[in-house]
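> Chain residues, written in single-letter form:
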Amino acid sequence: MSDDIRYPSEKPEHPYLDSSFSGMLLGTLVSRFCAGCGYGSIGQLYTRVFEDEKLDPNLYPLVIGIGCYSQIFFLVHKNAQKMLTLHGRAPAIATGMKMANPKMKPIIFSGDGDCLGIGGNHFIHLCRRNLDCILFIFNNSIYGMTGGQAAPTTLYGAISTTTPYKMFEPRSDGVELALAAGASYVARTTIAHPRTLMKYFKKALKHKGTSVIEVITPCVTYFGRKNLDNLGSEGEPGEIMDTGGKMFEWIKKNSIHINQAKFMSKEELFNKYIIGEFRYNPSKSEYSEEYKKIQNIAMKGD
Amino acid sequence: MSNGNGKRFLKPGKYLMMGNVAMAEGALSSGLKFFGGYPITPSTEVIEHLAKRLPEVGGCCMQMEDELASINAVMGASLVGAKAMTATSGPGLSLMTETISMAANIEIPFVFCDVQRCGPGTGFVTVPHHNDVGLTRFAGNGEFEVIAFAPMSCQELFDLTITAFNYAETYRCPIFILSDAYLGHIHEVVNIPPKEEILKRVIDRTIPEDTKGAKFTYEDINTHKLMIPKPYIVGTEFCPPLIIHLPHNQDGVLMPEENSLRFMKIMIDKIRDNIDKISLTEEYKLDDAEIIIISYGLPVRASYRAVDLARKKGIKVGIFRLITVWPFPKEKVKKVVVGAKAIIVPEMNYTGVIAEQVERVTDLNIPIIKVPKVATLHHPDDILKAIEEVAK
Ligand SMILES: Cc1ncc(C[n+]2csc(CCOP(=O)(O)OP(=O)(O)O)c2C)c(N)n1
Ligand code: SF4
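Chains as they are written, first to last, in this note's numbering: chain A, 1 to 302; chain B, 1 to 392.
The shape of chain A in the complex, shown without the other chains:
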């Protein structure tokens, strides 16, 4: 492929350039992500849904945790009220926001390390309360920001800077945790399924309760470059995943739809991602509405 086909000199105008924060600030889309990273697409998909659904920025604050994805603020909608918070604490901050202004529906961006590592406790209790908000977990199976250490989600056999021989700890599963803790809408998809991601996001916007959407996304720099697509399992020859394309293919191959997974054994599902919708329960009581009832009891005789 010649270079001018890969990089056409006349770049087509990006349809969401004007609505992005970066477009507003700099007139062009700026991303601080590595080539092949999934976070750029996620930022754009968020902006698209924001635009399609004409979200009121005053009601949908965007609470962002700490990780590589924090830099997503450049790409998200210019009108979104965005705040970069602390590592793992975004669910707790969103809880305070929602309870002090129940008209709001905070949208939380967090990473796998952010949400299931340091912030695990807040995550569990957010789901338990079924507080009306949307929580995205961007799972790249690694700590990207700090240079490629193992996350609680790192797949078995994977090499990271803190598991130089291989990851040997059992991984934690955000979806299972969310289900056990009581979130009322739980889904997982991947960056290779952008339309599904938008569909889940839009469904979550209409849902009243905690929506947890885990998105499997590639980290080429610290996961792909260091790992074979067989994650060191014996028998199969593996290929190093050093480009976005290769990781994209691996994610697709490694993801199994929930309907299909039902017929597979535990061994067959080892180290795989099960994708799809796991729970949708619109009738579960929501925290801020329940608290309103408490206020009504307390105010009686006022």
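Please note that a few of the clues may not be correct.
[As the list claims (entries may be wrong)] Straight-line distance between alpha carbons at most 25 Å, and here's what the computed DMTMM-like set of lysine to aspartate or glutamate pairs gives:
1. A:K103 with A:D173
2. A:K292 with B:D204
3. B:K332 with B:E257
4. B:K52 with A:E290
5. B:K285 with B:E356
6. A:K292 with B:D66
7. B:K330 with B:D363
8. B:K312 with B:D273
9. A:K253 with A:D173
10. B:K212 with A:D173
11. A:K293 with B:E48
12. A:K292 with B:E45
13. B:K212 with A:D56
14. B:K7 with A:E289
15. A:K300 with B:D363
16. B:K225 with B:D287
17. A:K78 with B:D251
18. A:K103 with B:E169
19. A:K78 with B:D273
20. B:K230 with B:E197
21. A:K266 with A:D173
22. A:K103 with B:D204
23. B:K7 with A:D56
24. B:K212 with A:D18
25. A:K103 with B:E237
26. A:K300 with B:E48
27. A:K103 with B:D287
28. B:K265 with B:E237
29. A:K103 with B:D210
30. A:K293 with B:E237
Please keep in mind that the hints were generated in silico from the structure rather than gathered at the bench. All values reported here derive from a predicted model rather than from experimental measurement.
Guided by the hints, dock chain B with the ligands onto chain A, whose structure is given.
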């Protein structure tokens, strides 16, 4: 339906109240709308009282999963415009420092009540120890100033909490109320003024008419004075497009790294420049005093008695009391101690956190005598003994 504001104020009059409850009622009078907390002795009565009282006034009291969640929820609530607070003790405060540091950076106001107990570690949980005085001053990474109040009675817990909320709105820095296990648990008569009187004192959280104006503290280019705007509110037009805890300008736009020093100067000087307005102190029989007691919190009560007893014996002694411990009123202290024969600092810690501050600003020739107590109160005789010793 009523918005619940009818229950915000207690009927005026005299009440027998526990310290922790008086503090909570002071907060409600200030317009508290959100409390996030986690049970810890000796602060627990605060969350228990507010769990009942806050929903009555249309507010929310949440028992969070831990102190990290508490303080972050409080910050979230304040971000969307609610007057918010938490109450905890030393171990909880230790967990909260990361968020305090972030809140200082983004200038989000809220109030902490630290009901101090005996440390380090878990320690003795039902006895006082002013061991967090230093921790509050440096609560969190980064450089910023805090304001800390040291009440000494239940009445003051009520009154100073209102002042604390006003300071939070005005100065937009972390605000602490330094209570302790005994002060939080004693029952005393508290005089609740009529609500009109309270309302006159309270600064409300409102947004300015011009929502395009500055959101963060900045230096006025003409006067070179630091201007502290009203706090922004997420979910209104008066909100920066991006809230980020990095050095930023008045609109929230990031500063280049080389301007970080300028940002630190703003964080620190917005308090230091206003120290005369912020710092609250009290003087007792200081006019002719040769021996000066400098103290704060409960030991001041024993000091009053000690001074009266010493005066009867003809010893010229007086008290300089710090009602706000931080920022330390360096210049005021310097003036007060001129010509003093000795300074006595009764404190409820062994280090003498404030004694060290006094040492820092006074003449090296003036002896400074610490009277430390931990896990128990000062007896007036303890202080009297120190007075008589230096008067010899
Ligand atoms: C209290 C605290 N501890 C550690 C860090 C350092 N840190 C920043 S991001 C990060 C990991 C983020 O990983 P993840 O959430 O998976 O996001 P990713 O970078 O992979 O997108 C860590 C450990 C921090 N910022 N704060
Ligand atoms: S390090 Fe990984 S997660 Fe971070 S920007 Fe690069 S590819 Fe993305």
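> Next step is simple, just say for each hint if it's right about the structure.
Structure-based check of each hint:
no., hint, verdict
1, A:K103 with A:D173, "31 Å, violated"
2, A:K292 with B:D204, "24 Å, holds"
3, B:K332 with B:E257, "36 Å, violated"
4, B:K52 with A:E290, "15 Å, holds"
5, B:K285 with B:E356, "24 Å, holds"
6, A:K292 with B:D66, "23 Å, holds"
7, B:K330 with B:D363, "13 Å, holds"
8, B:K312 with B:D273, "41 Å, violated"
9, A:K253 with A:D173, "19 Å, holds"
10, B:K212 with A:D173, "45 Å, violated"
11, A:K293 with B:E48, "19 Å, holds"
12, A:K292 with B:E45, "23 Å, holds"
13, B:K212 with A:D56, "19 Å, holds"
14, B:K7 with A:E289, "22 Å, holds"
15, A:K300 with B:D363, "62 Å, violated"
16, B:K225 with B:D287, "35 Å, violated"
17, A:K78 with B:D251, "15 Å, holds"
18, A:K103 with B:E169, "24 Å, holds"
19, A:K78 with B:D273, "36 Å, violated"
20, B:K230 with B:E197, "23 Å, holds"
21, A:K266 with A:D173, "14 Å, holds"
22, A:K103 with B:D204, "21 Å, holds"
23, B:K7 with A:D56, "33 Å, violated"
24, B:K212 with A:D18, "21 Å, holds"
25, A:K103 with B:E237, "16 Å, holds"
26, A:K300 with B:E48, "19 Å, holds"
27, A:K103 with B:D287, "58 Å, violated"
28, B:K265 with B:E237, "28 Å, violated"
29, A:K103 with B:D210, "24 Å, holds"
30, A:K293 with B:E237, "30 Å, violated"
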